[in-house]
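Visitor: Full structure from sequences and hints, please.
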Amino acid sequence: MIVKVLKGRGMLFFSFLVMTICLSCVLSTIRRYNANERNSRNFYSELARNFNFMNMTDEGYWNRFFSETTDSGFVIYNIVPDSDYDIRGVAYKGDVKTIPIAEGSFFEEGLSEESRHTAVVGKEIVQALEDKNGEKYFTYDDQEYKVIGVAGMKKPSRLDKMVFLDFKSTLDITGIESEYVLDGKNAETISETANSIEYYAPEETVVHMALDDVKTGVAWLFEKERLTRTLYGVIFVSFFISTIMVVFLWIEKRRKRIGICRLLGTENRGIVSEILRDYLKITTLGYLAGIVCTLPLVYGLKLWDIQVSDMGVVYMLTVIFGLLALVVPLIKNMHVQVFEIMR
Amino acid sequence: MIVMNILEIKDIKKTFGKKDAAVHALRGVTAEIQENTMTAIMGKSGSGKSTLLNILGGLMAADEGSFTYAGKPVDTSSNRKLRKYRRDQVGFVVQYFALIDDLNVFENVALSLRYQGISRREIKKRVKETLKLLGIESKIKAYPNELSGGQQQRVAIARAIVKKPKLILADEPTGALDVKTSAEVMDIFRQLADTGNTIVIVTHDPKVAEACDDVIVMEDGKVVEQVS
Ligand SMILES: Nc1ncnc2c1ncn2[C@@H]1O[C@H](COP(=O)(O)OP(=O)(O)O)[C@@H](O)[C@H]1O
Ligand SMILES: [Mg+2]
Chain A
10 MIVKVLKGRG MLFFSFLVMT ICLSCVLSTI RRYNANERNS RNFYSELARN FNFMNMTDEG
70 YWNRFFSETT DSGFVIYNIV PDSDYDIRGV AYKGDVKTIP IAEGSFFEEG LSEESRHTAV
130 VGKEIVQALE DKNGEKYFTY DDQEYKVIGV AGMKKPSRLD KMVFLDFKST LDITGIESEY
190 VLDGKNAETI SETANSIEYY APEETVVHMA LDDVKTGVAW LFEKERLTRT LYGVIFVSFF
250 ISTIMVVFLW IEKRRKRIGI CRLLGTENRG IVSEILRDYL KITTLGYLAG IVCTLPLVYG
310 LKLWDIQVSD MGVVYMLTVI FGLLALVVPL IKNMHVQVFE IMR
Chain B
44 MIVMNILEIK DIKKTFGKKD AAVHALRGVT AEIQENTMTA IMGKSGSGKS TLLNILGGLM
104 AADEGSFTYA GKPVDTSSNR KLRKYRRDQV GFVVQYFALI DDLNVFENVA LSLRYQGISR
164 REIKKRVKET LKLLGIESKI KAYPNELSGG QQQRVAIARA IVKKPKLILA DEPTGALDVK
224 TSAEVMDIFR QLADTGNTIV IVTHDPKVAE ACDDVIVMED GKVVEQVS
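Just so you know, the sequences run in chain order A and B. So in our numbering, spot 146 of the first sequence is number 155, and the numbers just go up one at a time. So in our numbering, spot 216 of the second sequence is number 259, and the numbers just go up one at a time.
Treat the hints as calculated values from the structure; they're not laboratory data. One or more hints might be untrue.
Partner residues aside, some chain B positions facing chain A, computed with beta carbon under 7 Å [what the hints assert, rightly or not]:
| id | residue |
| --- | --- |
| 1 | Leu102 |
| 2 | Lys115 |
| 3 | Phe135 |
| 4 | Ala141 |
| 5 | Ile143 |
No experiment lies behind these values; they were computed from the predicted model shown. Glycine is no exception: its CB is placed at the ideal position from the N, C-alpha and C atoms.
Guide: Here is the structure:
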């Protein structure tokens, strides 16, 4: 009985159930891994570079830089030295993953002419602030900063204790000769922006920028981020392959049935629509069963969390991808000669 | 009484493969098959019996020649037309039954009636009637591997006749059955012939041929003898 179930529809059902569980756990783990990594690096990427100026004579340097540069996809932090708070000024250009926002908004792109005195603070910080006419203000050095957003993720993280101010306001505190961090979308945008920072600086100014340590050979290969990314790639490719195999096997199992339907004179449309319907029914059930099994697993084992969008991604990667993988073996088997199957 | 030929076959030729590898399966077959009779096609293996049956059933088209069904030429020019002829006029029965293992008896037989705009209720009614006629209505929920060879062949016959075709084409239908069940299957065919069906059976078995009204003997892609 079990063998019979496993052979036909059961094989398809259980394969998709198992794939759904595995993929959901992988996605959840990736989410947790990425979050942990960023947390451990103070929410800088692995490629972020520290820099400072010596003998900077142009107080309006940053406004000039932001209005003139054509670079995009970078973010610059101005570190405000303080023992009580982790305070940074933030300015960015282009599509660059900034800080996870739990509530409200983030600073606007570019650099304002005037200090805005606005802040985005962590969840923990915001709780300690008092309400003033429905608005919250973060006070630092007798200056009030209006809170426009709250940073944070579902799980507690370092972010909860961080304070971000608009870049211009922090220059009032630190002056132009401060400690900065340059971060960006990828290694390329970062190194381009690093060059621009140097380019726009006055002649007498020295820019001290941490070296862009270009890794080569084995070191390049085993760079942590690249390695994990490759690993994820391998995992996803193996899922694709198994989906293709399972779908292929299932169609092969229906070969005889296709032949018999043709023997009986069933129209091709009828045969194909029946196959697609059966496929969607069985795999979607497998997927749903997989999700039901995953939820206690993910929350029980505290594998971070799983979001609705993840479930959509898993559905796309399993059922929808399988539907595409179905096309080729289906066409192949629709052309099978009836008497071939009867032998 | 006027005897009507349900099939009139004229000089049918069929070749498989090309050039050096060409196999001339049929080299010009001419024959007539009467309505409401049982006709056996006999001959050595490779003499073209199955090929002829497949052409008569609309599974493939002949290279040359033609045949008429119930007085009208069968148009074999497109797969669509062949399929329609096959669906509406022909019931096939094959040696190894060709049942689907993961469908039960009811579903296997009902397969014949699907995608033709027939209501579920009507399908249910007709399948039950047919199973009753063949004496296997008690097996309606059984799966093929729970049935004996004879029972499986009855299911296959039920599937062939449930859509009420006039013509039943059987390729070695008793080839996988013992003597006793073979005889039972032949009794069923006789019953069907007596109630308005025409049956053509490809067979090796002289006993089966004996039970038929006509015998066509083939050799090397040609009819060498037709006895009534
Ligand atoms: N689909 C096919 N492709 C190539 N050769 C075929 C095919 N079907 C039958 N033949 C050849 O045609 C000849 C007649 O076959 P067939 O009609 O099956 O004979 P029989 O049923 O009398 O044993 C044989 O030589 C066989 O090998
Ligand atoms: Mg044969």
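Visitor: Taking 7 Å as the limit, does the beta-carbon of Leu102/B come near enough to a beta-carbon in chain A?
Guide: Constraint on Leu102/B satisfied, holds at 5 Å.
Visitor: Can we keep the Ile143/B interface hint, with Cβ of chain A closer than 7 Å?
Guide: holds, 5 Å
Visitor: With 7 Å as the cut and Cβ atoms as the points, is Ala141/B at the interface with chain A?
Guide: holds, 5 Å
Visitor: Classify the hint on Phe135/B as holds or violated, based on whether any CB of chain A lies nearer than 7 Å to its CB.
Guide: Interface hint status for Phe135/B: holds (5 Å vs cutoff 7 Å).
Visitor: Would you check whether Lys115/B satisfies its interface hint, that is, whether its CB is within less than 7 Å of any CB in chain A?
Guide: Since the shortest Cβ distance to chain A is 18 Å, the answer is violated.
Hint 2 from the list above is the single one not met by this structure.
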